[in-house]
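Given next are the chains, with one letter for each unit.
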Amino acid sequence: MAVDPNINNPFAAVLREQRLELVRKPPRILQVNVGLICDLACRHCHLEAGPQRREIMSPQTMAQTLELVRHTRPEVVDITGGAPELVPGLADFLEALSGLCGRIMLRSNLTALSGADQTRLLDVCVEHRIVLVASFPAVNEGQADAQRGSGVHLRSLEMLRHLNRRGYGQAESGLELNLVANPSGAFLPANQQAQERKFKQDLERRWGIVFNHLYTFANMPLGRFRSWLEKTGNYPAYLTRLQESFNPAALPGLMCRTLVSVAWDGTLFDCDFNQAAGIPLGGEKTHITEITQLPAEGTLIATGEHCFACTAGSGFT
Amino acid sequence: MKPVSQGELPLNNYYEPKDLMNFADIGKDAPELATKFFDYYGSVFAEGELTEREKALIALAVAHTVQCPYCIDAYTRGCLEKGASLAEMTEAVHVVTAIRGGASLVHGMQMRKLAEQLSL
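Chains as they are written, first to last, in this note's numbering: chain A, 1 to 317; chain B, 1 to 120.
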């Protein structure tokens, strides 16, 4: 039986107070979370991914996902994790997806993409023009490592240089390399355009690294980051900061309006954050095998307190 | 007049973090001046020839010079949210420390000139 997730949550209450509605537009993106295994255990991770996690997408669920993609033809398939690179069969999955949608994005933490055993995966990415979206929280080594672990910043720089050598991020190569920066603490992200200019300038000047775009996202008060907020006494002030920064103008561009998120076990969600919060698609637990169409325009989106992170400032699009 | 004991004072501490949140109350009894000040303040910190990040770093540095805890609170967060790194913020504080220390030291030239004039 469906449970209305939009009852008793402060985000939904704010929408009601301001007579706003968060409903779906025509679906464009299928986001596929292929597993929670990761070589890192980042302190801001909303899914608490890490080396000890064993949840990975089975070949059967990958096949079911491919079937849905074949049937619904989304514009974009966005592969995320964990570290998707560590999930067996990913290269084959990417090859099978190629041609079924206009754009395939692969989220990478950069460290999991390195090593001789990932050569084929990188070759597949180059061959099929997979868009790489890499975590790179800060130009500052101390802040980056505080979030992601000791030595990760240097290893990330090494991988970015390698990707540049393969053509990623280079003008007219057709190989798009985008970076994602989450704040290294309980504060809001910088303005995306200003931060992109700064990262481009710093990365090129210091290390000769180029990339296409930078996306800045607020940290979700979920999972490991929420535990840290609570442990350090930052939780109430951070939530207040997010709530005070609520920007109704961010609603039309929110990614949940055009995206469906598939979890490693095939369960569907309105977004990856609802996956972490355990709030299923539209509030009703649904498996990928139970649908033949992506949710229609006008369908209500399940929300929770964490949604304030996507509507703070310019929003999470 | 009845003496006021310490416990009855509205100020338990001279600096209260929550006072920063209520800064707008300074407009009570002098709203026109407050409006002019806050409008000016907002314009100063908007992106111009300097970026918002650079302006926040200057403000953080000056906050340390004027030793204003409210400003240090506001611009530590402000710098982080404008994308400044901890290294940049720390360097900014060193810049004002150098100027402040240098300003003291350079006055030593007055001391030396006077002392030399008075000395054999």
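For the record, the hints were derived by calculation from the structure and aren't laboratory data.
Glycine included, C-beta positions come from ideal geometry on N, C-alpha and C.
Where hints are given, some of them may not hold.
Cross-link-like lysine to aspartate or glutamate pairs, in silico, DMTMM-like; alpha carbons within 20 Å at most [said to hold, decoys possible]:
no., chain 1, residue 1, chain 2, residue 2
1, A, Lys231, A, Glu75
2, B, Lys18, A, Glu244
3, A, Lys200, B, Asp39
4, A, Lys25, A, Glu95
5, A, Lys200, A, Glu244
6, A, Lys231, A, Glu305
7, B, Lys55, B, Asp25
8, A, Lys285, A, Glu75
9, A, Lys200, B, Asp25
10, A, Lys200, A, Glu230
11, B, Lys36, B, Asp25
12, B, Lys55, B, Asp29
13, A, Lys200, A, Glu141
14, A, Lys200, B, Glu88
15, B, Lys55, B, Glu32
16, A, Lys25, A, Asp202
17, A, Lys200, B, Glu54
18, A, Lys200, B, Glu81
19, B, Lys28, B, Asp39
20, B, Lys18, B, Glu47
21, B, Lys55, A, Glu305
Covered stretches of chain B (in silico footprint by chain A; criterion: 3 or more residues with CB under 8 Å from a CB of chain A, positions within the stretch not fixed) [claimed, not checked]:
no., region
22, 18–31
23, 56–64
Pair ranges (Cβ atoms, derived) [what the hints assert, rightly or not]:
no., chain 1, residue 1, chain 2, residue 2, range
24, B, Ala30, A, Thr240, 56 to 62 Å
25, A, Glu67, B, Glu91, 38 to 44 Å
26, B, Glu16, A, Glu244, 17 to 23 Å
27, A, Glu297, B, Leu33, 49 to 55 Å
Results for each hint:
1. Under the criterion of a C-alpha separation no larger than 20 Å, the hint pairing Lys231/A with Glu75/A is inconsistent with the structure, at around 41 Å.
2. With a CA separation close to 15 Å, the supplied pair Lys18/B and Glu244/A stays within the 20 Å bound.
3. For the suggested pair Lys200/A and Asp39/B, the alpha carbons sit about 33 Å apart, so the restraint of at most 20 Å is broken.
4. For the suggested pair Lys25/A and Glu95/A, the alpha carbons sit about 29 Å apart, so the restraint of at most 20 Å is broken.
5. For a cut-off of 20 Å, the pair hint linking Lys200/A to Glu244/A is broken: about 30 Å separates their Cα positions.
6. Proximity of Lys231/A to Glu305/A is assessed by CA-CA distance (about 19 Å); at most 20 Å being required, the pair is judged to hold.
7. Taking the CA atoms of Lys55/B and Asp25/B, the gap is near 25 Å; set against the 20 Å cutoff, the hint is violated.
8. Distance hint between Lys285/A and Glu75/A is unfulfilled; the C-alpha atoms sit about 25 Å from each other, more than 20 Å.
9. Simply put, Lys200/A and Asp25/B have alpha-carbon atoms about 42 Å apart, too far for the 20 Å limit, and the pair is violated.
10. Distance hint between Lys200/A and Glu230/A is unfulfilled; the C-alpha atoms sit about 34 Å from each other, more than 20 Å.
11. As the CA atoms of Lys36/B and Asp25/B are separated by approximately 14 Å, the hinted pair is consistent with the 20 Å bound.
12. Between Lys55/B and Asp29/B the alpha-carbon distance is near 30 Å, which puts this suggested pair outside the 20 Å criterion.
13. Simply put, Lys200/A and Glu141/A have alpha-carbon atoms about 16 Å apart, close enough for the 20 Å limit, and the pair holds.
14. A hinted pair counts as satisfied when its Cα atoms are at most 20 Å apart, and Lys200/A with Glu88/B qualifies at roughly 17 Å.
15. For the hint linking Lys55/B to Glu32/B, the alpha-carbon distance of about 26 Å lies beyond 20 Å, and the restraint is violated.
16. Distance restraint check for Lys25/A and Asp202/A: the Cα-Cα separation of roughly 38 Å exceeds the 20 Å cut-off, and the hinted pair is therefore not satisfied.
17. Pair hint Lys200/A plus Glu54/B holds up; C-alpha atoms about 17 Å apart against a cutoff of 20 Å.
18. A hinted pair counts as satisfied when its Cα atoms are at most 20 Å apart, and Lys200/A with Glu81/B qualifies at roughly 18 Å.
19. At roughly 16 Å between alpha-carbon atoms, Lys28/B and Asp39/B fall within 20 Å of each other, so this suggested pair holds.
20. Taking the CA atoms of Lys18/B and Glu47/B, the gap is about 28 Å. The hint is violated against a cut of 20 Å.
21. Taking the CA atoms of Lys55/B and Glu305/A, the gap is about 33 Å. The hint is violated against a cut of 20 Å.
22. Residue count for the region 18–31 of chain B with a Cβ under 8 Å from a Cβ of chain A: 0. That is fewer than the three needed, and the coverage hint is violated.
23. Beta-carbon proximity to chain A at under 8 Å applies to 0 residues in the region 56–64 of chain B; the threshold of 3 is not reached and the given coverage is violated.
24. Checked against the given bound of 56 to 62 Å, the beta carbons of Ala30/B and Thr240/A, roughly 29 Å apart, lie outside it.
25. Our hint of 38 to 44 Å for Glu67/A and Glu91/B is violated, since their Cβ atoms are close to 55 Å apart.
26. At roughly 19 Å, the beta-carbon separation of Glu16/B and Glu244/A lies within the given 17 to 23 Å, and the hint holds.
27. The beta-carbon spacing between Glu297/A and Leu33/B, approximately 52 Å, falls within the hinted interval of 49 to 55 Å.
The structure fails to meet hints 1, 3, 4, 5, 7, 8, 9, 10, 12, 15, 16, 20, 21, 22, 23, 24 and 25 from the earlier list, while all remaining hints are met.
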